[in-house]
Amino acid sequence: MENFTYQGFSARVVFGRGTARNLADELDHLSVDRAIILCSPRGRTLAKELANNIGDNRVAISDTAANNMPQSAFDQLKEDVQNSGAECVIALGGGSAIGLGKSWAAETTQKLISVVTTYSGSEMANNWYIGGGEERRGGTTDAALPVTVIYDPDLTLDLPADISAASGMNAMAHATESLYGPDTNPVIQTMSEEAIRLLGENLPKIIDNPRDIEARTNALYAAWIAAGFRATSGLEHVMAQRVRSRFGLEHARTHAISVPYAIAYNREAAPKAMERIQRALGVVDAAKGLYDLNVRLGLNMGYQALGMPEDGIDDAARIVSGMKFPNPRPTPFEDIRAIIAEAFTGHAPA
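Under the numbering used here, the first residue of the sequence shown is numbered 960, with each subsequent residue one higher.
Don't take every hint at face value.
[To be verified] Cβ pair distances, simulated, as ranges:
id, residue 1, residue 2, range
1, Arg1170, Asp1101, 53 to 63 Å
2, Asp1273, His988, 51 to 61 Å
3, Gly1207, Ala1120, 19 to 29 Å
4, Arg1288, Gln1041, 42 to 52 Å
5, Asn1086, Arg1205, 26 to 36 Å
6, Glu1038, Ala1309, 47 to 57 Å
7, Asp1273, Asn1085, 30 to 40 Å
If you're looking for bench data, these hints aren't it; they were derived computationally from the structure. For every residue, glycine included, the Cβ atom is placed at its ideal position computed from N, Cα and C.
Input sequences plus hints: build the corresponding full structure.
Have a look at this one:
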């Protein structure tokens, strides 16, 4: 075995059914007298349930979370925190609430608890941003990370099956690229392979029965280890993020589409990673196995289906190929254009 360095994040992880009902105990553990639950308007009902468990005298609710972290949402959260006297923010939900909570923690250094209801894994990433366009600001800092992350599978039972599938394949993107990231190591590779196996086995079960609690539990555990034991991302992440941002496509579905094509492109350059993916999924070709999993889950099979225009292929290729990022194989414009064109159609990767 080669020498390696592993650096883990310091977040406390509380995992299991019913754990979200014990938020009051977590506040006691952190010596927090008063908190505020941050959610989207759609998550307010669940936030009220959790607030009742904590006790109304200890918690307020701010349902200001919105897609793309607008400055207005941050400003409203600031007002709500000040009015409530909260010492800690509890971010409840998926990307919008978790992301806004991280931005708040990064800007204020106030304690953050994340209560996760999807599989996207952003709670374990130390990047943050607020706003858009020229007004966008953000960065990378461990101050954005929660002090505690609560993974309660019961909170995922009402997540629609199609959203669960896309979110789960977003976690799959983390796990697959972590197998060949420049800072990968045996710990990350072992956990990533297990995440791939669990997602491959359990996401189809969730499609067949969205209230299968065993499948939900396994998928949520896989999402945690995919995000918590992660190497630096490569082509898939850059391609999906830039295409999504440029054309306003849905985040998780763009990642789901991108995974098979990025893996196919890196097939010859990362053979050991391919072996792990194939073993985890029980397939003979990693890229085809991931593509077939998308088909099985009923996901959109190309960027075109999400609303990307065909005349945007060259633009997207220029943006992606012009960026610097680690990848097992070089990423010149011609190759990137071919990948994006293939992902646009949704045809099986070569």
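### Query
Failing hints, ascending?
1 and 5
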